[in-house]
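Trainee: Build the full structure now, drawing on both the sequences and the hints.
So the protein sequences, as listed, match chains A and B.
Under the working numbering, the first residue of the first sequence carries the number 116, and numbering increases by one thereafter.
Under the working numbering, the first residue of the second sequence carries the number 3, and numbering increases by one thereafter.
Just so you know, not all the hints are guaranteed correct.
Selected chain B positions facing chain A (Cβ under 8 angstroms, derived; list incomplete) [unchecked claim]:
{"id": "1", "residue": "Ser241"}
{"id": "2", "residue": "Tyr242"}
{"id": "3", "residue": "Arg250"}
{"id": "4", "residue": "Thr251"}
{"id": "5", "residue": "Arg254"}
{"id": "6", "residue": "Asp315"}
Computed from the model, here is a short list of chain B residues facing chain A with C-beta under 10 angstroms [as the list claims (entries may be wrong)]:
{"id": "7", "residue": "Ala92"}
{"id": "8", "residue": "Glu166"}
{"id": "9", "residue": "Lys168"}
{"id": "10", "residue": "Pro234"}
{"id": "11", "residue": "Asp235"}
{"id": "12", "residue": "Leu244"}
{"id": "13", "residue": "Gly245"}
Source of the hints: derived by calculation from the structure; they are not laboratory data.
Just so it is clear, the structure is predicted and the values come from calculations on it, not from any experiment.
Heads up, the beta-carbon is just placed ideally off N, CA and C, and yes, glycines get one too.
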Amino acid sequence: MTMEEPDMQTLTPTTTNQGGVPAKATHGAAGSTDRPAGGLETRGLHAWFDRHHALQDVSLQFPENTITGLIGPSGCGKSTFLRLLNRMHEFIPKAAMAGEVLFEGNDIYAPGVNPIEIRRRIGMVFQKPNPFPAMNIGENVTAGLKLARVKVDNKQELVEECLTRAGLWKEVKDRLKAPAGSLSGGQQQRLCIARSLALRPDVLLLDEPCSALDPGSTLRVEETIIQLSETMTIVIVTHNMQQAARVSDYCAFFLSEGGPGHLVEADLTTNMFSNPRDSRTADYVQGRFG
Amino acid sequence: MTAVVAVPVAPTRPWQRRRAALARNGALVAGAAVMSWLVNARTDLSGFLGHWLAFSLAMPVLALLSSVRSGRNVATDSFSAALVTVASLAAAVPLFSIARTVWQNGSKAFYSSYLTTDMRITSSSDPLNMGGVLHAVSGTLVMVALATIISVPLGVMSALYIVEMKGRFAGVVRFLTQAMSGVPSIVAGLFVYATVVIFFTGFSAWAGALAYVILMLPTVSRTSEEVLRLVPDELRAASYALGASQARTTFRVVLPTIASGLLTAAILGIARVAGETAPLILTASYFVATSTNLNEPMASLPIYIFSNLGLGDSNAITRAWGGSLVLLVLVLVLFVSARVLSARLRRKRL
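Mentor: Pasting the structure below:
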């Protein structure tokens, strides 16, 4: 860890009384000293692709039931960081990492931890909608349960609930048997969100979920995300500053500046946009570069 | 506001000038036919091939001449189009020639119960209103089915090992399957003869099916591998992100997505062996009666053709042509039904 940077950029909920933060951000921290369900924290996280050092020393906390936006220019390691949080990073050949990711207080990279269990509880939605083409809409929603061998009593109810929460139910309720490929891009993305929700994850990671969507679908997905944050911790990578400002409670700004990506600053979203500590953050959020 | 009168509008396709193109192409073909007739009349060229050769040369030339006024691009375009058309027709000529010859000779062997009797009480030189190919058809179907049941799972699993598991020996397995695809079919038969027929089964349907497996396996494996590589990694990532194991991802997401491709792999494997004679001579041998006993020698269409041809008797040779016709139709039916099935599988997922 370097000397000029603080060891840990804390996002502890103790700061939530300032700056008009949503009340929900405080409820997880109220008097609880032990780790709450869905709490996520990284300590000194690094990532490599073969020899290339992609991410350097990122320490962040994600309090439960909050939305954290990861912002920064392309190639600054946001997506890599996100994929480290539910062990998707290791699917890339020659990928390596260092540091800790604490989920409910336990390192998910510790020996003996089952990555499958981790991914079941820390869901992920990708930049490009990726519904399963061989399944219909309804089957796509319950695909996670089938794949993870989770038994459910009332599938119909679950499908309706998840699709409703993803803001898609009204559009597809009459054609649940239609192939998933028949949906538009925006609908496919909401279907993928519904698919993640069916497993009732404690954390949901979203990698630029709206980058391929029209404004209407984007709005609906954002509403969905805010609603979901009442019951789960959400981390969202976005290139859209307005989106970060609209949905997130906290923001973390990444930058690579030629070397490995690293964390410049993390704070309440309101502070990040109105009163950032670092001049590079100010430049970026105001659109002066990136 | 002025009243808007709805004018009925008919849909058109201005980019398709069907009738004009049809007239033009008709004139081209007619012109080329006249030219080739003239050439054949004036030179030593004659017969089907003579006409064909003259026609193939005349059509591109005519196409070029007729469009040269319209400028260089149009002329090049119509010349190339004529050339490609003539070449593709030329490629189809042997196919139709074979089909026609087989039909002409083979249909003579047919009578009312050709497909429902076998050769157990009939000699190959007997009149053509006795005996049939039932034993050979059933034998081919049984051995191909047996070989498919064994080689498709093996082939798909070896492809999974190479593409999905990326196992330590993936490169070796890939190299060996590739090398195996070059094995001559008689060598496959000889191998099974030397290892299985002599020591275990004797001449039998099992041995024939095993020889088939050796030939099918590389085709099935290679094709499955190609198809597996087409599955986008995003799908696998989606599955893993839902907490699926690799096995679940493979069997619930990857394989269903490429079901139609795997069917194609199986068909290509079957196509590789269905008409093979060599691997069966030393393995399944031949048997004149319809049989389902896998431990006994079994008839097959290629061997039926082979053995009848070898006798030299004119009735026997006609029987061989009849067998060829049945084999052609059998393979055709197999292909068409597999194509239909494959298309249906693909349509289901849009």
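Trainee: Just to be careful: measuring from the Cβ of proline 234(B) to every Cβ in chain A, is the smallest value less than 10 angstroms?
Mentor: holds (8 angstroms)
Trainee: Interface hint check: glutamate 166(B), Cβ to nearest Cβ on chain A, cutoff 10 angstroms. Holds or violated?
Mentor: violated (12 angstroms)
Trainee: Holds or violated: arginine 250(B) as interface residue toward chain A, Cβ cutoff 8 angstroms?
Mentor: Constraint on arginine 250(B) satisfied, holds at 5 angstroms.
Trainee: Does the closest beta carbon of chain A sit nearer than 8 angstroms to the beta carbon of tyrosine 242(B)?
Mentor: Since the shortest Cβ distance to chain A is 6 angstroms, the answer is holds.
Trainee: Interface hint check: serine 241(B), Cβ to nearest Cβ on chain A, cutoff 8 angstroms. Holds or violated?
Mentor: Holds, about 6 angstroms.
Trainee: Hold the hint about glycine 245(B) up to the distance rule: shortest CB distance to chain A must be less than 10 angstroms.
Mentor: holds (3 angstroms)
Trainee: Under the criterion of a CB-CB separation shorter than 8 angstroms, is arginine 254(B) in contact with chain A as hinted?
Mentor: holds (6 angstroms)
Trainee: Have a go at the threonine 251(B) hint: is there a Cβ in chain A nearer than 8 angstroms to its own Cβ?
Mentor: holds (7 angstroms)
Trainee: Identify whether the interface hint at aspartate 315(B) stands, where standing means a beta carbon of chain A within less than 8 angstroms of its own.
Mentor: violated (55 angstroms)
Trainee: Does the interface hint hold: is alanine 92(B) within less than 10 angstroms of chain A, judged Cβ to Cβ?
Mentor: Since chain A brings no Cβ nearer than about 40 angstroms to alanine 92(B), farther than 10 angstroms, the hint is violated.
Trainee: Would the hint on aspartate 235(B) be counted as holding, given a Cβ-Cβ threshold of 10 angstroms to chain A?
Mentor: Where the cut-off is 10 angstroms and the nearest Cβ of chain A is about 8 angstroms from aspartate 235(B), the hint holds.
Trainee: With chain A as the partner, please determine if lysine 168(B) meets the hint condition of a C-beta pair closer than 10 angstroms.
Mentor: holds (8 angstroms)
In summary, the numbered hints that this structure violates are 6, 7, 8.
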